[in-house]
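Visitor: Sequence:
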Amino acid sequence: MDTKIHICEGQLGSVNARRNFMSKGFKIHSRVGLASACDTLISQTFGGGNHFRIGVILQQAILILLLACFPCWAILINTEPILLAVKQEPEIAKLAQSYVKIFMPALPATFMFSLQIRYLQNQGIIWPQVITGLVANILNALINYIVIFVLNWGVTGSAVASCLSEFIMVAILSAYIIYKGIHKATWGGWSRACLQDWGVYLHLAIPSMVMMCVEWWTYEIGSFLAGLISEVELGAQSVVLLWANIAYMFPMGFSIAGSVRVGNALGAGNTDQAKLCAKVTMFGAGFVSVCLAILIGGLHSHISYVFTYDEQIRQRVSDIMTFYAPFIILDATAAACGSIIRGAGKQKIGALAYFVGFYGIGFPIGVPLMFAAKMGIKGLWAGLFICIFIQCIFMVVYMVRMNWEKATTEAQIRAGAGEASEGAQFAGGEWDVLELVPEPSAEDKIPHTALVLRRGLALAAMIFILAVGIIVNVIVQNMIV
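Each residue of the sequence shown is one higher than the one before, starting from 100 at the first, in this note's numbering.
One should not assume that every hint holds.
[Said to hold, decoys possible] Calculated pairs, SDA-like style, for lysine to any residue (alpha carbon to alpha carbon, straight line, at most 25 Å):
id, residue 1, residue 2
1, Lys447, Ile574
2, Lys186, Val313
3, Lys378, Cys390
4, Lys193, Ile176
5, Lys447, Ile460
6, Lys200, Ile574
7, Lys374, Ala356
8, Lys447, His282
9, Lys374, Gly223
10, Lys445, Gly385
11, Lys186, Val573
12, Lys378, Gly397
13, Lys378, Gly352
14, Lys447, Leu165
15, Lys378, Phe493
16, Lys374, Ile460
These are computed hints drawn from the structure, not numbers from a lab.
Can you make the complete structure from the sequences, with help from the hints?
Guide: As structure tokens, then:
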């Protein structure tokens with residue numbers, strides 16, 4: 100059957116879906132999730148005026164994310180065995196493994212770029228990363244053209260191009276930060292303090308990662324399940340996911356702004372401003388999503404032409420889009436709530452809502468509809484619709500009932516409001532001197548030598564995990580051969 104889907108042609112297209120789950124699922128979503136603790140810590144600290152503490156938080160994040168590379172590598176190096184275990188074609192699994200292995204050295208650069216973005220955007224600086232991304236994408240397209248069509252490197256060339264692009268983005272943004280002197284107000288040099296309070300960062304980072312990963316892993320797993328039914332179902336699922344990505348980008352801008360502004364306001368002790376920012380975020384994301392839902396719903400029979408001319412796939416996409424349109428509104432609402440929750444430092448609630456929603460409601464309903472009821476991907480999306488509907492109700496109710504005064508107090512403690520003269524906040528024309536003094540954490544009482552030993556053991560544990568991954572890979576490869 101000739102499925103003329105533009106996004107999945109030839110060798111590169113065949114490996115795209117498989118390597119996406121491995122490299123995108125474990126790279127992009129884990130990096131964004133772990134870096135998202137900065138959405139709370141940096142935004143609140145910047146709002147509280149304790150600017151040099153931002154540099155310490157960034158140092159903590161750099162060390163923690165570099166350590167996170169090791170378990171990610173341990174998983175990525177076993178891409179082929181994992182894909183074979185879920186019944187993917189051996190040739191495609193091998194190609195995906197080849198792509199991922201070449202890309203693996205770029206993982207630290209990927210993590211650092213994510214931190215750079217959050218370092219800037221949580222201080223209200225947006226355009227540098229936008230321009231950097233635009234320049235890097237142009238260079239990526241040029242490099243891909245050279246290595247794929249001129250040098251004829253195929254999948255290897257695509258991986259090399261992606262790898263180089265990650266380093267280019269980090270280099271460009273680093274050069275901009277240094278050239279403009281943006282770091283001078285927040286970076287006082289490497290400090291021993293960056294070894295302290297990792298627990299605070301991880302308690303925010305891990306739930307943030309769950310919030311990010313759970314949803315997108317669900318979509319990627321759905322693609323695998325669609326592939327078990329037929330090529331038409333897989334093609335339709337790919338098109339729907341592409342439109343889902345596009346639709347998500349519009350309300351995401353409001354979500355990012357909401358997270359930053361809510362965090363800034365809470366860190367500054369301005370509870371009313373935080374509430375107002377939350378309302379504006381919800382309204383903005385809701386308005387944009389309603390417009391998108393009307394547009395996509397009205398064009399449901401035609402939008403698949405952007406990606407494919409195959410009539411069977413187009414018809415299937417049209418069927419899904421009829422009820423995917425209202426899904427856009429719910430998804431945008433959930434994303435806006437999630438961003439506000441991150442800005443307020445309530446990631447555990449968000450992680451619980453996402454995990455229970457997708458794996459406790461969405462999947463248990465969607466998968467039986469998909470196979471037992473023979474509804475295909477329409478059944479999967481029906482389950483996800485129910486999931487996101489319940490999720491929205493829960494998160495909106497939680498946000499309305501949230502104790503904003505308590506959230507403000509917690510934010511000021513995280514921001515170190517009583518550490519220095521920055522604790523004095525200017526509001527309503529008068530200086531209001533804060534008397535919040537955070538209690539020293541358990542780690543603050545640990546001698547520096549013992550703290551270094553702890554972090555050294557953490558590094559050893561991460562290296563051990565990578566070593567286990569390599570050993571497993573060698574054993575499995577010998578079994579395959």
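Visitor: Within 25 Å, alpha carbon to alpha carbon, are Lys193 and Ile176?
Guide: holds (11 Å)
Visitor: Take a quick look at whether Lys374 and Gly223 sit within 25 Å of each other, Cα to Cα.
Guide: Satisfied, since the Cα-Cα distance of roughly 18 Å is no more than 25 Å.
Visitor: Is the straight-line distance between the alpha-carbon of Lys186 and that of Val573 25 Å or less?
Guide: OK: Lys186 and Val573 at ~20 Å, within 25 Å.
Visitor: Checking one constraint from the list: CA of Lys374 to CA of Ile460, max 25 Å. Satisfied?
Guide: violated (30 Å)
Visitor: Is it true that the CA of Lys445 sits at most 25 Å from the CA of Gly385?
Guide: Within the cut-off at roughly 22 Å; holds.
Visitor: Is the straight-line distance between the alpha-carbon of Lys447 and that of Leu165 25 Å or less?
Guide: holds (23 Å)
Visitor: With the threshold set at 25 Å, check whether the alpha-carbon distance from Lys378 to Cys390 stays at or below it.
Guide: Given pair Lys378, Cys390 holds - Cα atoms ~18 Å apart, limit 25 Å.
Visitor: Given the hinted pair Lys378 and Phe493, is their alpha-carbon gap at most 25 Å?
Guide: holds (17 Å)
Visitor: Compare the distance between the alpha carbons of Lys447 and Ile460 with 25 Å, and conclude whether the hinted pair is satisfied.
Guide: Answer holds: Lys447 to Ile460 is near 18 Å, not above 25 Å.
Visitor: Can the restraint linking Lys378 and Gly352 be considered satisfied, given a maximum Cα separation of 25 Å?
Guide: Holds - the C-alpha atoms of Gly352 and Lys378 are around 15 Å apart, at most 25 Å.
Visitor: Regarding the pair Lys447 and His282, is the alpha-carbon distance no greater than 25 Å?
Guide: Given pair Lys447, His282 is violated - Cα atoms ~31 Å apart, limit 25 Å.
Visitor: Tell me if the straight-line CA distance from Lys374 to Ala356 falls inside 25 Å.
Guide: holds (14 Å)
The structure does not agree with the numbered hints 1, 8, 12, 16 stated previously, though it agrees with the rest.
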